[in-house]
Amino acid sequence: MRNPVITLLTDFGTRDHYVGSMKGTILKINPRANLIDITHHVSPHDVREGAFVLANAYSAFPRGTIHLSVVDPGVGGPRKPILIVTTSYFFVGPDNGIFTIALKKEKIIKAVVLTNPKYFLSHRSHTFHGRDIFAPVAAYLSLGVKPEVFGPVLNSWIEFDFEKPRIREGRLLGEIFHIDAFGNLVGSIDEEQLLDFTKDHSFEIKIGKRTIRGLKKGYWEGKRSEPLALIGSGGFLEISVREGNAKKRLKVKKGDRIVVSMINDQ
Amino acid sequence: MRNPVITLLTDFGTRDHYVGSMKGTILKINPRANLIDITHHVSPHDVREGAFVLANAYSAFPRGTIHLSVVDPGVGGPRKPILIVTTSYFFVGPDNGIFTIALKKEKIIKAVVLTNPKYFLSHRSHTFHGRDIFAPVAAYLSLGVKPEVFGPVLNSWIEFDFEKPRIREGRLLGEIFHIDAFGNLVGSIDEEQLLDFTKDHSFEIKIGKRTIRGLKKGYWEGKRSEPLALIGSGGFLEISVREGNAKKRLKVKKGDRIVVSMINDQ
Amino acid sequence: MRNPVITLLTDFGTRDHYVGSMKGTILKINPRANLIDITHHVSPHDVREGAFVLANAYSAFPRGTIHLSVVDPGVGGPRKPILIVTTSYFFVGPDNGIFTIALKKEKIIKAVVLTNPKYFLSHRSHTFHGRDIFAPVAAYLSLGVKPEVFGPVLNSWIEFDFEKPRIREGRLLGEIFHIDAFGNLVGSIDEEQLLDFTKDHSFEIKIGKRTIRGLKKGYWEGKRSEPLALIGSGGFLEISVREGNAKKRLKVKKGDRIVVSMINDQ
Chain A
11 MRNPVITLLT
21 DFGTRDHYVG
31 SMKGTILKIN
41 PRANLIDITH
51 HVSPHDVREG
61 AFVLANAYSA
71 FPRGTIHLSV
81 VDPGVGGPRK
91 PILIVTTSYF
101 FVGPDNGIFT
111 IALKKEKIIK
121 AVVLTNPKYF
131 LSHRSHTFHG
141 RDIFAPVAAY
151 LSLGVKPEVF
161 GPVLNSWIEF
171 DFEKPRIREG
181 RLLGEIFHID
191 AFGNLVGSID
201 EEQLLDFTKD
211 HSFEIKIGKR
221 TIRGLKKGYW
231 EGKRSEPLAL
241 IGSGGFLEIS
251 VREGNAKKRL
261 KVKKGDRIVV
271 SMINDQ
Chain B
11 MRNPVITLLT
21 DFGTRDHYVG
31 SMKGTILKIN
41 PRANLIDITH
51 HVSPHDVREG
61 AFVLANAYSA
71 FPRGTIHLSV
81 VDPGVGGPRK
91 PILIVTTSYF
101 FVGPDNGIFT
111 IALKKEKIIK
121 AVVLTNPKYF
131 LSHRSHTFHG
141 RDIFAPVAAY
151 LSLGVKPEVF
161 GPVLNSWIEF
171 DFEKPRIREG
181 RLLGEIFHID
191 AFGNLVGSID
201 EEQLLDFTKD
211 HSFEIKIGKR
221 TIRGLKKGYW
231 EGKRSEPLAL
241 IGSGGFLEIS
251 VREGNAKKRL
261 KVKKGDRIVV
271 SMINDQ
Chain C
11 MRNPVITLLT
21 DFGTRDHYVG
31 SMKGTILKIN
41 PRANLIDITH
51 HVSPHDVREG
61 AFVLANAYSA
71 FPRGTIHLSV
81 VDPGVGGPRK
91 PILIVTTSYF
101 FVGPDNGIFT
111 IALKKEKIIK
121 AVVLTNPKYF
131 LSHRSHTFHG
141 RDIFAPVAAY
151 LSLGVKPEVF
161 GPVLNSWIEF
171 DFEKPRIREG
181 RLLGEIFHID
191 AFGNLVGSID
201 EEQLLDFTKD
211 HSFEIKIGKR
221 TIRGLKKGYW
231 EGKRSEPLAL
241 IGSGGFLEIS
251 VREGNAKKRL
261 KVKKGDRIVV
271 SMINDQ
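Residue numbers (our numbering), protein chains in the order written: chain A, 11 to 276; chain B, 11 to 276; chain C, 11 to 276.
Not one of these hints is a red herring.
A pair holds if it fits inside one copy or across any two, identical chains being indistinguishable in the list.
Subject to a maximum C-alpha distance of 20 Å in a straight line, what follows is the list of computed PhoX-like cross-link-like pairs (lysine-lysine):
no., residue 1, residue 2
1, Lys38, Lys115
2, Lys263, Lys219
3, Lys258, Lys233
4, Lys227, Lys90
5, Lys258, Lys216
6, Lys117, Lys156
7, Lys90, Lys120
8, Lys174, Lys216
9, Lys174, Lys264
10, Lys216, Lys226
Hints in this document: simulated from the structure, not taken from any laboratory.
Throw the hints in and build the complete structure from the sequences for me.
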């Protein structure tokens, strides 16, 4: 592997030494590693949010990319450090569900528990496995070390269940899963689920106190301060305000309900 | 081109998957691209602010650098995706004026509209051309693909007009164009305009409720909580407070008036 | 040196053109430089905070890494621009104490004042030596230019004194030195000082209005909303709340007192 890409996704923020320490550790082991930040601004300890951002970004990267994802509220406790190998990527991080959403779309080849101390830093803290375990493992992987060398096979891993959209009394119920930097509200309902439910019929979407009819193709079709619905770039139902902030306008928050209902057109 | 530099400037923030998705897309096409962030914290949809930051940073980069700048409130609408080639650089982004200030100092060789879908992602969203159009075009450019291959010649492009400083009733009028992270107030008046107006005579600068006499060379010449004026590192008139925050101290905001007047020295 | 690493640590934030301008300047001189951010979010002008973050991150990097650290409230004034060479690293930045903590653990070989304008940008501002002096010097260093070429030998440099923990009336007194993005309170007392003081006896830690008994090994051993003390990944006494925010919970701030007392076990 030449100049292999290692992505980093954490909740460490960018004020402290944490990210720099991880990057230095990797470069000490493999100076040719190409380090690319996905984000370090996952809300502290929010594994689900990390899982969501990772799921939206990981497949844009070249085959063989190593995705190093450390949102790790259980660091130092009994949660396992793991490596999951799919046909296209490597995922390194804690066994707490952070890979749940990304793995849904991947074909898994192998999974191992990281136990071989030969590939850890020699002085290991109880609070910073990002630097002491995960960064060196990712670095050695990028040098071509085989997955099975890092530890024994892992047969099952944690998948958090996130509320799947469900149909109740003839309505499709989802929730706001993520709010992006523009205030766009990303729902838990994906394009396929929405189309399965609505077929080609008219529908409306209730969110907060607003009702929105049908879908637009892009922000650009919306009026300047009116909420609109569309399928976002990640393939999920999204509520937006053209050149505005839907979160502020609709006064909603993560976890709030999204309800899709058919419209009786007669 | 070996290890060509591609800079990224957006209003995407760093909490979401957007920047990671763009970088992955580029590296999938050209694994040798050297990706350098200018900023991802342009105020959402603020094309002028993006134009200003780009104009201050772009010329520091090596010849041949590809500047990928995506502040794109009109994404998915009729605004054109464009490439502008100058004697030193490539500029890729939406045709909305974002290159206006940078291009003033550049000699333009060629401009094209990006229409050739061969160089886009095959599945194109209506909301994220940063990933689906601009990132792949920048990546192919960095591989040496010729500009004319991306689409037909573009004969004119949008330049927003920003208020140029003007002389009225014997006073030079400008505005606060940008406020940096230190609270320094960057004015729309550049060094040349100021010297043309003041010649070698004494002058004073009115901003908010304060009047400042003459220019200092550096922050260091100021008193610790007194506002001072100088020519900043970008070549513009700047109001600062030594080791302090001029924005908070003067209680001003972007767009506020700056007035330069001669002092009658008799 | 092939693909030498240059780290960047500043208080420039990431909204403005400053960091991009520094990186472009370096790449224009050495296109092979591997630029790694430690942080750009040091609190404005806070040299001590910069020194602390640098001290925690620098030694993770490969031998030969050039650490470019620019928290520089005295820019343009009489403070000297300097280069300090140790057995493992190069440190480039202003002579204001920013390297104080990192250098405690390093063996210094040589120090020089940066005076040779041949290695500066030709047009030098009075307000942005990060771009005009420090970035080009780091770039030339990364090309293998010898330290002595940049200017005359420097015999002493500024070390700020930070309050060392001290024993008074049988108690060990320290302070909160840093608060990280999780709200963890990093103290000025390091592991060795704590062990020297407590030997193997029981002790308690007073901080704000709380008293904490003894040390945990990791966050994981704590109860979910109870403050706990441990030795953090940087080797300092740290007060944390498992999956919570100790800063908010204890209502404390940087500089607040930490008191360690022995417990009479009889």
